[in-house]
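Based on the provided sequences and hints, a complete structural model is requested.
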Amino acid sequence: SQQGEEDPQALSIQEGENATMNCSYKTSINNLQWYRQNSGRGLVHLILIRSNEREKHSGRLRVTLDTSKKSSSLLITASRAADTASYFCATETWNTGNQFYFGTGTSLTVIP
Amino acid sequence: EAGVTQSPTHLIKTRGQQATLRCSPISGHTSVYWYQQALGLGLQFLLWYDEGEERNRGNFPPRFSGRQFPNYSSELNVNALELEDSALYLCASSLGSGNVETQYFGPGTRLLVL
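So the protein lines, in turn, are chains A and B.
Just so we're aligned, residue -1 is where the first sequence starts under my numbering, counting upward by one.
Just so we're aligned, residue 22 is where the second sequence starts under my numbering, counting upward by one.
Worth double-checking, as some hints may not be accurate.
[Said to hold, decoys possible] Facing chain B, according to a computed beta carbon distance under 10 Å, are these residues of chain A, among others:
{"id": "1", "residue": "Gly2"}
{"id": "2", "residue": "Asp5"}
{"id": "3", "residue": "Gln31"}
{"id": "4", "residue": "Tyr33"}
{"id": "5", "residue": "Gln35"}
{"id": "6", "residue": "Arg39"}
{"id": "7", "residue": "Gly40"}
{"id": "8", "residue": "Val42"}
{"id": "9", "residue": "His43"}
{"id": "10", "residue": "Phe86"}
{"id": "11", "residue": "Ala88"}
{"id": "12", "residue": "Glu90"}
{"id": "13", "residue": "Phe98"}
{"id": "14", "residue": "Gly101"}
{"id": "15", "residue": "Thr102"}
[As the list claims (entries may be wrong)] Restraint ranges, calculated between C-beta atoms of paired labels, are given here:
{"id": "16", "chain 1": "B", "residue 1": "Arg36", "chain 2": "A", "residue 2": "Glu53", "range": "31 to 39 Å"}
{"id": "17", "chain 1": "A", "residue 1": "Ile109", "chain 2": "B", "residue 2": "Glu75", "range": "28 to 36 Å"}
{"id": "18", "chain 1": "B", "residue 1": "Gly73", "chain 2": "A", "residue 2": "Ile109", "range": "20 to 28 Å"}
[Claimed, not checked] Computed cross-link-like contacts, SDA-like style, restricted to lysine to any residue with a CA-CA straight-line distance of at most 25 Å:
{"id": "19", "chain 1": "A", "residue 1": "Lys68", "chain 2": "B", "residue 2": "Asn80"}
{"id": "20", "chain 1": "A", "residue 1": "Lys24", "chain 2": "B", "residue 2": "Gly61"}
{"id": "21", "chain 1": "A", "residue 1": "Lys24", "chain 2": "B", "residue 2": "Arg76"}
{"id": "22", "chain 1": "A", "residue 1": "Lys68", "chain 2": "B", "residue 2": "Thr123"}
{"id": "23", "chain 1": "A", "residue 1": "Lys67", "chain 2": "B", "residue 2": "Leu116"}
{"id": "24", "chain 1": "A", "residue 1": "Lys68", "chain 2": "B", "residue 2": "Leu62"}
{"id": "25", "chain 1": "A", "residue 1": "Lys24", "chain 2": "B", "residue 2": "Gly79"}
{"id": "26", "chain 1": "B", "residue 1": "Lys34", "chain 2": "A", "residue 2": "Ser37"}
{"id": "27", "chain 1": "B", "residue 1": "Lys34", "chain 2": "A", "residue 2": "Glu3"}
{"id": "28", "chain 1": "A", "residue 1": "Lys67", "chain 2": "A", "residue 2": "Glu3"}
{"id": "29", "chain 1": "A", "residue 1": "Lys68", "chain 2": "B", "residue 2": "Lys34"}
{"id": "30", "chain 1": "A", "residue 1": "Lys68", "chain 2": "B", "residue 2": "Gly79"}
{"id": "31", "chain 1": "A", "residue 1": "Lys54", "chain 2": "B", "residue 2": "Leu116"}
{"id": "32", "chain 1": "A", "residue 1": "Lys67", "chain 2": "B", "residue 2": "Ala59"}
{"id": "33", "chain 1": "A", "residue 1": "Lys24", "chain 2": "B", "residue 2": "Phe81"}
{"id": "34", "chain 1": "A", "residue 1": "Lys54", "chain 2": "B", "residue 2": "Gly61"}
{"id": "35", "chain 1": "A", "residue 1": "Lys54", "chain 2": "B", "residue 2": "Tyr125"}
{"id": "36", "chain 1": "A", "residue 1": "Lys24", "chain 2": "B", "residue 2": "Asn80"}
{"id": "37", "chain 1": "A", "residue 1": "Lys24", "chain 2": "B", "residue 2": "Lys34"}
{"id": "38", "chain 1": "A", "residue 1": "Lys54", "chain 2": "B", "residue 2": "Phe81"}
{"id": "39", "chain 1": "A", "residue 1": "Lys24", "chain 2": "B", "residue 2": "Thr123"}
{"id": "40", "chain 1": "A", "residue 1": "Lys24", "chain 2": "B", "residue 2": "Arg78"}
Keep in mind that the hints were calculated from the coordinates and are not lab data.
For every residue, glycine included, the Cβ atom is placed at its ideal position computed from N, Cα and C.
Written out as structure tokens, the structure is:
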């Protein structure tokens, strides 16, 4: 079964607003990564957070990780129409090497 | 630097046929991963190859198979195609076995089984 589960499934906001997506997972992880997918194409890596980190920033992106709650959030600030995409979290778990478990994704629509 | 490439971009087959999908990793990457993404669903892990060997496979029947060549490119073969095999198949590559590896994805092959 899938490890990660994103929430909400779909999100629609106005340009300039912030977008927050959440990811929950089931077992202990090595790290958690967020990816973006535009229009059913390949995924683009956004940010990686290790299990011993609590927060990371990259440009307009902020990721938090709460290992006690087995959850992560991705915040996109000052959203743009170009941020419209599906966002997936992927977890790398202990003893599975480089096998990633992806969630079902959050579909974000940013309205100009 | 060239990214991960996949071919073909689209593939149309009929039930019972075989499909072969190809992937070339980023130069210097030795690990290749295959994922299936059915319409509206998340990515389902299929296979992981590293240094020419299958390291792990997801919960898929044996008719999903593949291999990795000495130049680290990879093929995914799907035998006895079924309608539900219609999906976007994504290939990703990474530097190799080890912890904390970012996977770089190709654009995918969209397989349609009629």
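**Study point:** Hint check against the structure, violated hint numbers in rising order
**Key:** Violated hints: 2, 16, 17, 18, 23, 27, 29, 32, 34, 37 and 38; rest satisfied.
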